[in-house]
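*Asks:* Each chain sits in its own coordinate frame; assemble them with the hints.
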Amino acid sequence: MPVADTDMAAKLAELDAYIDSLPTKEGKLITVLHKAQDIIGYLPFDAQHHIARRLGVPSSKVYGVVTFYSFFNIKPKGKYKIACCMGTACFVRGAQAIVDEFKKRLSVETGEATKDMLFSLDTIRCVGACGLAPVISVNGKIYGRVAPDDVNKIIEEYMAKDGGSVG
Amino acid sequence: MAKITSNILVDVSGGKDVYNALAKAVSAAGLGKSVQVAAVDGFGVKAEGAVVKVLPSGGYYTGVAPEDADRIVQAAASGEGGSPVPAYTTNVRVALKNVGYIDPASIDDYIATRGYEALGGCLTNNTPQDVIAAVKASGLRGRGGAGFPTGLKWEFAGKSAGDKKYVICNADEGDPGAFMDRSVLEGDPHAVLEAMAICGYAIGADEGVIYCRAEYPLAVARLENAINQAEALGLLGDNILGTGFSFKISINLGAGAFVCGEETALINSIEGQRGEPRLKPPFPAAAGLWMKPSNVNNVETYACVRHIFLNGPEWFAGIGTEKSKGTKVFALAGKINNVGLIEVPMGTTLREIIYDIGGGIRGGKQFKAIQTGGPSGGCIPASLLDLPIDYESLASVGSMMGSGGLIVMDEDDCMVNIARYYLDFTVEESCGKCTPCRIGNMRLLEMLEEITSGKGKPEYINELRELGEVIKDASLCGLGQTAPNPVLSTMHYFMDEYEAHIRDHKCPAGACSALLKYVIDPEKCTGCTLCARNCPVDCIAGERRKTHVIDQERCIKCGTCMAKCRFGAISRV
Ligand SMILES: Cc1cc2nc3c(=O)[nH]c(=O)nc-3n(C[C@H](O)[C@H](O)[C@H](O)COP(=O)(O)O)c2cc1C
Ligand code: FES
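Read top to bottom, the protein sequences are chains A and B.
So that you can map any letter, position 45 of the first sequence is 45 in this note's numbering, and since no number is skipped, the others follow by simple counting.
So that you can map any letter, position 543 of the second sequence is 543 in this note's numbering, and since no number is skipped, the others follow by simple counting.
In isolation and in its complexed conformation, chain B is listed as follows (with noise of 0.2 Å):
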């Protein structure tokens, strides 16, 4: 039987066309037992136009058109073509290893991939010790945002004295514009409950519990399924593997409440209650899930686990920086040309990810500023795109790791209206179980709204500053302690958009309708009537070729005429 020798891997996420050109010219070249044509959803972050990638020379074709084929096909027969593509050789897979090469709903793709081998050499001939100290030596630190060493955390709850334990995974993933936690669970079930059966010998712990968003439905059929597959086959559930140790998973549907991503407050939503966030300590560690000691980390930092035994915690340590080991992955979004999943080693700069992983920002405009950490981050402004990523250099300017949303912005959006955005977010969120969260963020968002519709006052400034940082300090848990993060590092970074707002009553970046005015040039005008007919509140007046004027009373400063003047007589000012 003649063997495959080389694989062609197409992006079909945008459409068929190239992979069936593809697969058309396999067979028209007769190559049908040597060069296989597979489909894939995309390598990471998308840029326009088809991606193919051939295997075994690991190079891309990018802007692949049908007609490329052939040629594409003969490269590939004699075991070359394609050429590294920055936006995707940069990736270091570990935590995405899977994610869009294995069938997620097939345990024996996962298995192939040395699926349930950590498992199994942790049970086997490693103690609960062992797999503790591994994980601290692979310097792993939490994914979910805050950057606790895993190891550290892994021995408290093994240390706290319990029959009942449990493991939990927090795949809330609440950060607005991020989505690094639904690839994996949706591409990589099995990794995160292999990781989990690991946690649990090493913690002591029989029972695990996923808190999936409800947001994400084929996340939860993809686990649900992934359960079903390796309890048949021995590798979840009782006696695994003939070793003794048990260890059954479950599923918990959240209900859409970003608090419930902190780690107490999921656990109170796990027992069916609201879901505010608890006093720590004690921390849930010692006392967690139905006040038994619990585990919880994030998804991404299960998904890193096996590959620490796989490899050696050796291996992971040699990846990143000094304090921050592995990679991480992050979802680039925004104005920037490439979206998508991207995952780095630690240390690689805001610059490498924005221009060459990203492509730079979108129709050539100007960049202004990349968002990280959501709502509980800030906003990094372009004379530090230098700065390599890490928990520490994030947080020393100001934002922070996150969980990792990445949202480019350019020289159209406004800072102030950005920071009124996030609090807007915030004060929705916050539970209202403590006053300096719930009243506190209402006050810097009343003071961020005036500001952006042209009513602030100059006092505000250091008014939002104190406030900020008395929030900081006195709010009961992560959300309100991070919360005046967006407006503190806008302050800081951008404080001439604050004045531009508050002195001028201008928005320099032409986002803050309220400051706005359309106006047409009578020079320029026509008076075609196009503006007028369009106008969905009539507001325009004027007669046939003579000049148009708008009635800024009434104007709800949509843009349509503007958008529709043939003649460019219509201007924002």
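The following block holds chain A by itself, in its conformation from the complex (with noise of 0.2 Å):
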């Protein structure tokens, strides 16, 4: 895929500015990883290895950063990223149900993404809204108090900005 080949080449060249930009590299492995995710959209091995012989560390130890922060993801995200909050107030208040009702509408386990990648599907912990719980959001757009039957009306008002249909 030469275009996909050409894209990430000119991200990790931004990606590269960054890290020359940085004073020191030293303990900068976990801010760096954060740019990287903000420009690439995830981290793939090839941004991984990129990353550690940039900053001269050994790729397992990338790895093992990447994979210990629930915030890193190795696989692309959905254009609209679904979170659920998962939180104490918003399960309290049936936020399971909620979570349920978006995986049958979309047909996807939490962590996934549709297959036209248009939505990605997670849970979170507590995005400190909890007085309107349950909560979720959608690339970043908080929604509160919301039901099982408004998970339905969320996925078609992002569809609608899409022109597409549920698949």
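Check the hints yourself; a few may be wrong.
[As the list claims (entries may be wrong)] Calculated cross-link-like contacts (lysine-lysine; reagent style DSBU-like; alpha-carbon spacing at most 35 Å): (1) B:Lys248 / A:Lys25; (2) A:Lys25 / A:Lys104; (3) B:Lys248 / A:Lys104; (4) B:Lys524 / B:Lys472; (5) A:Lys81 / B:Lys433; (6) B:Lys433 / A:Lys25; (7) B:Lys292 / A:Lys61; (8) A:Lys79 / B:Lys16; (9) B:Lys433 / A:Lys153.
[Said to hold, decoys possible] Cβ pair distances, simulated, as ranges: (10) B:Leu516 / A:Lys153: 26 to 34 Å; (11) B:Arg566 / A:Thr67: 30 to 38 Å; (12) A:Lys141 / B:Asp103: 21 to 29 Å; (13) A:Ile39 / B:Ile556: 56 to 64 Å; (14) A:Lys11 / B:Pro217: 16 to 24 Å.
Bear in mind the hints are in silico, worked out from the structure with no lab data behind them.
For every residue, glycine included, the Cβ atom is placed at its ideal position computed from N, Cα and C.
*Replies:* As structure tokens, then:
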């Protein structure tokens, strides 16, 4: 896939510029991974090897850090990232039913993306909006007091933006 | 020029209708020069409907509608109006003093509330030893969970030899269901920066690091802005206020790992490593970040510091109980009418918090338990509601203060399922470094999963208890040492629920879906087919006008049929 390759090369070049701008590389692995995920959207192995070389640390260490922290993804996410809060406040106000409804409507498990890469579904722990429980967020936009009946509306809202249909 | 004599503060978090009506009423009455209407983002806890506060009387109006605007404006103009509401007036604001009252993006607003006066005073009038003595005298204890005396911690770090030291702010706020630190960071970022600089002066550090969870982008943005503003005014950076003391602060992002809230794991994470805890001792005060002496405190702990210097340590020590001084911020959530942040003096009872401030249980249901301390804490039953909250009393009933999450549970919550929920959390978040935590908690979880799905064996009760005690004793860090608390405390207070699951295969609260059955009452079923048409897995069979039947094998217990039935024919047993 030559297109994807040049795309990735450009992104890694952007990352390199960032790494070069750091006053020191010591202790900056997590900071660089944050930036890389910002630029690429996720952290494929190629990018991990690249970062290891640029920071002068073993790839195994990069992989160890990436897999330790739940914020870092090895697989690509959907265009619209749905995150259902499973923090305690949301849990006691029925968050599980919301997650189940999303799974059913999108035919995915948590941690997966739909085939067309439009949506991905994840659970997170508390976004600090417990007063609005249960809470979900789509690309960072918060929806509070969500009921299972709202799930379809939310999905359709984003599909309308994209002019697609559920699949 | 006419002077503003009254203020009307409107909570606009639920919409601006009331705000607009009040603003209109003020100009219609020609009072624009003396009565000011201001929009604020809530007064702490949130009840249904708009809330308005009038100053100087300090009274509140609750459930305000736009039609009430004229009446409120007239009352406010005469300097009166409103009435005290326990939900707000029981609050004593220290850590949250400025939150919601000043513009967090403006250093001028902060300075107008005597901002950076405490730092200036410490740098010019006090020795580092004086500063430490004042913090010790105040009785301030860590708000991050364990309640270690803050002054003592500063003294240890101060006495550690070293040319380089660090001041670290723990803004990881990992307890799921709590957001105290987030509000402080977003609402009053300078208060944290000022306290870190005071701490730096006290222990001899010139560098501060804030470790903030990546899930709080607004907090990070506000902190960055605040740091830039303070540096521009010479309140942070080199040679602060011309005193020769230099202190700079940087921000480090977390990456979603609960264990990184533990101070040594946090330090590893700042260094760019996997966030696994270190063996203590050495404590951070002796060898912390880059093995240099470091002081780690929580956001709320820092937020209290400047008030100790502005009002005197005796003032702070005058609030609270004998061993727990000052106030504590709690995030009130769950099955309660008013949810949100509250700040109450230590020693306030759970009953006051739940009924006076929280307005009681939602939907008139029966209170069952209140959870404190997050995944490290426990569930406290109704019989202990008159417990005054402080570090020791919470520990004595098998829970802990924790960082301040208070989750209220009602009759519909199954205590075994709640214990399972927390164990699920700790198993996922265990870093895996030590065996008791990595494997022991997994075994606890497996047993709880079997119990909640009706496959629990009677011997599990003893096994849970024994294994729980071993994990507490043998784990490396606080995560493992406290992980069994949710199980042990629910077993202590709600053993009947465990027994009902194991012996009778019943979930008394009706929460464990594997133990539930939906059945159709043939007497009431009219055969309208509505349930069958709505069933997501097509497991309801029956002809039109004939009784329908649910295939229990295929039923996923979603409850849709029961919600849809117009004749009350479907029940959960
Ligand atoms: C598993 C675990 C998670 C923790 N999470 C946090 C946290 O999110 N925020 C926090 O301030 N302290 C947390 N702590 C407590 C810290 O280790 C440390 O005691 C605290 O930051 C010290 O500050 P304080 O004395 O001001 O409370 C956690 C401890 C453990 C064992
Ligand atoms: S528990 Fe969901 S927002 Fe806090």
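*Asks:* Find the hints from earlier in the document that the structure breaks and name them by number, from lowest to highest.
*Replies:* 2, 3, 4, 9, 11, 13
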